[in-house]
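Those protein sequence lines, which keep their order, are chains F and S.
With the UniProt record's numbering applied, the first sequence covers 1 to 79.
With the UniProt record's numbering applied, the second sequence covers 1 to 249.
These are computed hints drawn from the structure, not numbers from a lab.
Do not take every clue at face value.
What the hints assert, rightly or not - Straight-line alpha carbon distances no greater than 20 Å define the calculated SDA-like cross-link-like pairs of lysine to any residue that follow: (1) S/K128 x F/E14; (2) F/K10 x S/R133; (3) S/K128 x F/P56; (4) F/K7 x S/R132; (5) S/K128 x F/E57; (6) F/K7 x F/V18; (7) S/K128 x F/E42; (8) F/K75 x F/P25; (9) F/K9 x S/R132; (10) S/K128 x F/D36; (11) F/K77 x F/L38; (12) F/K77 x F/M45; (13) S/K128 x F/D39; (14) S/K128 x F/K77; (15) S/K168 x S/A232; (16) F/K10 x S/R132; (17) S/K128 x F/E48; (18) S/K128 x F/I4; (19) S/K128 x F/F51; (20) S/K216 x S/A28; (21) S/K128 x S/G237; (22) S/K128 x F/S52; (23) S/K128 x F/A60; (24) S/K128 x F/H15; (25) S/K128 x F/T40; (26) S/K128 x F/L16.
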Amino acid sequence: MSEIADKVKKIVVEHLGVEESKVTPEASFIDDLGADSLDTVELVMAFEEAFSVEIPEDAAEKIATVKDAIDYIEKQKAA
Amino acid sequence: MFRLDGKTALVTGASGGIGAAIARTLHAQGARVVLSGTREAVLAAVASEIAPDGERVHVCPADLSDPKAADALVAAAEVAAGAPLDILVNNAGLTRDGLAIRMKDEDWNRVMDVDLAAPFRLCRAALKGMLRRRAGRIVSIASIVGVTGNAGQANYAAAKAGMIGMSKSLAQEAGSRGVTVNVVAPGFIQTAMTDVLPEAQREKLLGGIPLGRMGKPEDIAASVAYLASDEAGWITGTTLNVNGGMAMP
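Using the sequences provided together with the hints, build the complete structure.
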């Protein structure tokens, strides 16, 4: 697992208070990890802070799963 | 009841009559208070009057007409207090009165900046931590004119009405995290400004107040202390009209 993926997972575990084993790439924040809309906004803000990236509103809306978040941040970091 | 021991509160506009009374009351209820305002010397005087030994009282000056200063105030207050913020009291405000047809853009803008945009900035900054900690109280001081309107105060009334709408929205956003957002709307409060009113005008004013007297800063402070307390945990998005019965919206 990449360093980014590791860090994303850690943030999700910490923020949503879920077990690490549940934070699979396919896991949906809302459907599988019990997040509400406020959680998803807070998660995006936590990602922005942790990775020093800016995630605009339209991109944030498309981040539904752990993998979505990892892919988006990896792409930003590679750019 | 209504104790605030172990809580940290930031009060803006704490150098004014109402702000100082709020700070004094929250401190008396056990809270650690951070006083903010533009006049540093007055803040220091209020602080030493509240607690001569400086216990649980801090001063954190800021000019809220500067967006950067407003954005930074919550963090600065937390550093000064050495604790995360539990209670935010948006009390700072100013007036630039005048009939609308002669009101200058700068008078409109200045009131909007200080009385509405700055409270929003403070709420935004405070909410980030409060939502994470699953606890917090925001109490904003509006005005009766935000509910009733007032000739000569289109800017001030708009800002205060805006504060009420903003607070209702924030209350809905923050409710699931146990954070409450409420407003206190004072009526006529006895201050140096109302002391100099001509007798006839004073009589007329009092005639419109069923409780027959002007308010004291302490009347407002008591409402804030209640809304800031744990006991007020099931009241959010509301506007408490503290006005002697002058308006009953």
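A quick look at each hint next to the structure:
Under the criterion of a C-alpha separation no larger than 20 Å, the hint pairing S/K128 with F/E14 is consistent with the structure, at around 16 Å. Taking the CA atoms of F/K10 and S/R133, the gap is about 18 Å. The hint holds against a cut of 20 Å. Using a Cα cut-off of 20 Å, the hinted pair S/K128 and F/P56 holds, with the two alpha carbons roughly 18 Å apart. Pair hint F/K7 plus S/R132 holds up; C-alpha atoms about 19 Å apart against a cutoff of 20 Å.
For a cut-off of 20 Å, the pair hint linking S/K128 to F/E57 stands: about 18 Å separates their Cα positions. Between F/K7 and F/V18 the CA atoms are separated by roughly 15 Å; this keeps the pair inside 20 Å, and the hint holds. With a C-alpha separation of about 8 Å, the suggested pairing of S/K128 with F/E42 holds against the 20 Å cut-off. For a cut-off of 20 Å, the pair hint linking F/K75 to F/P25 stands: about 16 Å separates their Cα positions.
At roughly 18 Å between alpha-carbon atoms, F/K9 and S/R132 fall within 20 Å of each other, so this suggested pair holds. For the hint linking S/K128 to F/D36, the alpha-carbon distance of about 16 Å falls within 20 Å, and the restraint holds. Distance hint between F/K77 and F/L38 is unfulfilled; the C-alpha atoms sit about 25 Å from each other, more than 20 Å. Only pairs whose Cα atoms come within 20 Å are accepted, and F/K77 paired with F/M45 is accepted, the gap being roughly 16 Å.
This hinted pair checks out: S/K128 and F/D39 have alpha carbons roughly 11 Å apart, not beyond 20 Å. Of the pairs offered as hints, the one joining S/K128 and F/K77 is violated, with about 26 Å between alpha carbons and a cut-off of 20 Å exceeded. As the CA atoms of S/K168 and S/A232 are separated by approximately 16 Å, the hinted pair is consistent with the 20 Å bound. The hinted pair formed by F/K10 and S/R132 meets the criterion: a straight-line CA distance of about 16 Å does not exceed 20 Å.
Distance hint between S/K128 and F/E48 is fulfilled; the C-alpha atoms sit about 14 Å from each other, no more than 20 Å. Simply put, S/K128 and F/I4 have alpha-carbon atoms about 24 Å apart, too far for the 20 Å limit, and the pair is violated. Using a Cα cut-off of 20 Å, the hinted pair S/K128 and F/F51 holds, with the two alpha carbons roughly 18 Å apart. Restraint check for S/K216 and S/A28: the C-alpha separation of about 17 Å stays at or below 20 Å, so the hint holds.
Taking the CA atoms of S/K128 and S/G237, the gap is near 18 Å; set against the 20 Å cutoff, the hint holds. The straight-line distance between the Cα atoms of S/K128 and F/S52 is roughly 18 Å, inside the 20 Å bound, and the hint therefore holds. Proximity of S/K128 to F/A60 is assessed by CA-CA distance (about 18 Å); at most 20 Å being required, the pair is judged to hold. For the hint pairing S/K128 with F/H15, the CA-to-CA distance comes to about 13 Å; that is within 20 Å, so the pair holds.
Taken as a hint, the S/K128 and F/T40 pair is honoured in the structure, with Cα atoms around 13 Å apart against an allowance of 20 Å. Under the criterion of a C-alpha separation no larger than 20 Å, the hint pairing S/K128 with F/L16 is consistent with the structure, at around 15 Å.
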